[in-house]
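Given chain A, put chain B in place with the hints provided.
2 protein chains.
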Amino acid sequence: MSKVDLLGRRNFIKGLGAASVAMATPALASSVSANEVKWDETVEIAIIGSGFAGLAAGIEATRKGCKSVTIFEKMPVFGGNSAINGGLFAAPGTPMQKKEGVDDSVERMVSDQLKSGRGIADEELLRHVASHANEALQLTMDAGAEFHPYLQQLGGHSVPRTYQTTVSCGAGITQPLLKECRKLGVGTVSRAKFEGFVLDDNGKVVGAKIRTGYYFGEEGKGKLIYVKATRGVIMATGGFGQNIDLRMAQDPTLTAEVGCTNAKGATGEGMFEMFRLGAIPVHLAHIQSGPWASPDEGGFGYVSNYSIFNFPHSIAINRMTGKRFMNEIADRKTRADAELNCRDAQGNPLPPIMITSYEHAKEHPNCKKVLKYNVGWKFDSVEELAKHFDVPLKELKAQIEEYNGYVKSGNDEQFGKNMGKAKGKYIKAPFTVVRLWPKVHYCQGGVQVTKEARVKDSFTGQPIEGLFAAGEVCGGIHGVSRLGSCSIPECMVMGMTAARTIMGA
Amino acid sequence: MSKVDLLGRRNFIKGLGAASVAMATPALASSVSANEVKWDETVEIAIIGSGFAGLAAGIEATRKGCKSVTIFEKMPVFGGNSAINGGLFAAPGTPMQKKEGVDDSVERMVSDQLKSGRGIADEELLRHVASHANEALQLTMDAGAEFHPYLQQLGGHSVPRTYQTTVSCGAGITQPLLKECRKLGVGTVSRAKFEGFVLDDNGKVVGAKIRTGYYFGEEGKGKLIYVKATRGVIMATGGFGQNIDLRMAQDPTLTAEVGCTNAKGATGEGMFEMFRLGAIPVHLAHIQSGPWASPDEGGFGYVSNYSIFNFPHSIAINRMTGKRFMNEIADRKTRADAELNCRDAQGNPLPPIMITSYEHAKEHPNCKKVLKYNVGWKFDSVEELAKHFDVPLKELKAQIEEYNGYVKSGNDEQFGKNMGKAKGKYIKAPFTVVRLWPKVHYCQGGVQVTKEARVKDSFTGQPIEGLFAAGEVCGGIHGVSRLGSCSIPECMVMGMTAARTIMGA
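Chains A and B supply the protein sequences, listed in that same order.
Take the first sequence: its position 38, counted from the start at 1, is 38 in our numbering, and no numbers get skipped.
Take the second sequence: its position 178, counted from the start at 1, is 178 in our numbering, and no numbers get skipped.
Just so you know, the hints here were simulated from the structure itself, not pulled from any lab data.
Note that this is a predicted model, so its numbers are computed, not measured.
Just to be clear, a hint being listed does not mean it is correct.
For chains that are exact copies, the list does not tell them apart, and a pair is met inside one copy or across any two.
[Claimed, not checked] Within a straight-line C-alpha distance of at most 30 Å, the following computed DSBU-like cross-link-like pairs (lysine-lysine) qualify:
(1) Lys397 x Lys362
(2) Lys323 x Lys394
(3) Lys38 x Lys204
(4) Lys98 x Lys428
So that you can see chain A by itself, here it is in the shape it has in the complex (with noise of 0.2 Å):
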């Protein structure tokens, strides 16, 4: 059990103090009716959360001609897990797609989703995040994000179409949002935890708890203050990666010793809040595992951000058998699940490697430090190589040749790779190795909402009054499995969305 459910509802309970005397509502309930509280603020718009749904919905609705929102973030610094993932924005019909002649479209971006989504996405939330991406993506670079010159193919995606922050991380974006919202005059508090909704008689959100001087980890403490949102609450809260009780539930495999990419707070409490309200819970049992990880390191590390870049021309080898084992830029799901069989002779893990020439790889900027770092490492021939990570050396260089063969004739026979990003790069000495093993990495699951952003009641189908939600806390729209890169989109996007609804505009 990790240390935020060790506390919780006991702590809730003891922590309201007076308030929770003068309760009629049953204990076990975190939300309050606003007969029953004084209000400490008023906005017109709350926010809970500070990643990229949460800014996003804050300088929309500031530029929509909302006077007064502020954002509510229960850690100390903002940003939420978007600050530390990998930065990499995918968008149909960009400027940059014109100008390298890549041939997409909304509907295109929507069908490779939807493959991945195997069966289960929603192809209309889908949509409707594609349709605005490319707005969404300029939004970020008025604000100031600042992008490579280039785009990426990332696994699953039928064509080049992601972009990505030059910082190589999602902190390139929450930046200069928050820098943005400020300007704006959008309210930002942090330390400050969502700990439940305020409910009028009608059952309509018209506020939220939040307790100020909040501590990570160290529940009941700081101030608990009742701030009244005249216009609606946007839950942003993300998603559960860190929550291993909650992982776990769906997925007994995802123990304490499985890698996690997540900022410590994505716990989850938001969404198990709303689900307290009535919200419908959908698709909780799928939790992405990212492909491109590295058991060498904590968290995103260096290595995801690299093997990301490298791996339409690089090749990943099963250390028992010396050859290839998935097609490299597969989605997320199938290359995830084919790692995780990479097993020596006892069913061990055995993680396998990718290996990439080093003249491609030092492309990226993250190259010297995993270096550096030892999380990967330089050789000079495949002899040494081989014999360093124990690969039948024979059938590796075999393998090499082979591949070697597809990136001439632009067809891999193997796994149906798209070589188009490996054109003219060969496999070859002097190369560069790290290590894969998947980490949880992303929530698919969460409330079921409308693509007015609003959260549907299990009971009545019809969206709880008040509330709505946007980011990872959502469920369903991706399915089975999310493709990379669509996160970012999908968060401004709803963001925006639900700060447009609540505008109504």
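Here is chain B on its own, set in the frame of chain A:
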């Protein structure tokens, strides 16, 4: 949107009458504080739902010394969805296995189920159920349930371990259990719909809101009563297969047009009320379709049991190719997915056919009805059969000959089917044929429970006091796909377990 979903929260509130005025509770919460209600009745244990789990709990609680138990059933008749299921009961180490010389064990049954669960089943719960399955089977026999004098080997089971009631449906168990309940003095009330919990100031479940005189689909009528449960409330309310909106939230392809084998009452509001209380949603995305169903009749029909019985010595044929397309006794998900891939050149569904020698088919009691009601057909020659279903004759003939070779050798080289039950049973004229197409059958998802049948809270990870759950309303036990005939033992054992936990015995 189904009838039931059109009503719900708003009607709940209106329906409360005087009570709703008195409530300081947020209107969204259906559950109420004990301080706000006047008790109409008091029992030691209130059981919600009268399927296998509810009835087993009633009997076991009484046997362990409980003096006052009442089962509340929302429908006009008792037995719930259990009464119309296939009456198939898997257990390891049974008297009939000894008689037939089948080598089986708890571990072997658990191992089969873990495979079907695809890595995310709850091994501890599966072992708990398998360990007590034989005892639960005995309880049904003691109550008067009668079973066929032979075992069946269902898809995904590595040995024959499945009993079936002589009436080939679940009523062969629910009726005797209901009679036993009444004999023991367990109260049974039909047209009594659960509409929420009553909680004390510490959040403990101390009773239930029950609408008596309830007519299915007519919300807010009848009379609302408050039932105090001094020892606890057991939720045995079943799955949500008949709730179109909610199953589509998990899987957009499960529209109203998709068949469903469930009783009309399987709408899931008991489960959703537990989520509102803080129960943890697990695996809702995993909804199982029965691969043995026919598109030529409604619901479970006559064909389902007929084909479950006949699959081991039949061949399933894709009508486009004239070839087999699956192991006829693979697990349900494997088969349902394979059937859904049987399509014509335009991609439209082309339900595959199951071909059985009439001499074997007629051993099943449903065979006559299948033929009488034109949901199955008899043919004197393979030519006649091929013409009727527009199957390529040459390929079909070759396939039958090839398969008969496997019957002889005992080794299915096409799909690795276990040929033990096919021994000596060649495919030859005259034939009977049914069409196959999956129907929504079972919800693997629900609330997370411990092996004491307690319901865990999403914030604390601890059991919610006074609350217990058993049967299909629980989730996570089976993982991605439940094996056939494993639901009755689960329902029975977990119902008995809930009663034992409450009675401390």
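For each hint, the structure was consulted:
1. Lys397 x Lys362: within (22 Å within a copy, 61 Å between copies)
2. Lys323 x Lys394: Within one copy, since 10 Å is at most 30 Å while 41 Å is not.
3. Lys38 x Lys204: This pair counts as both: shortest intra-copy Cα distance 17 Å, inter-copy 27 Å.
4. Lys98 x Lys428: Neither: 32 Å inside a copy, 64 Å across copies.
Violated hints amount to a single one, hint 4; each of the other numbered hints is respected by the structure.
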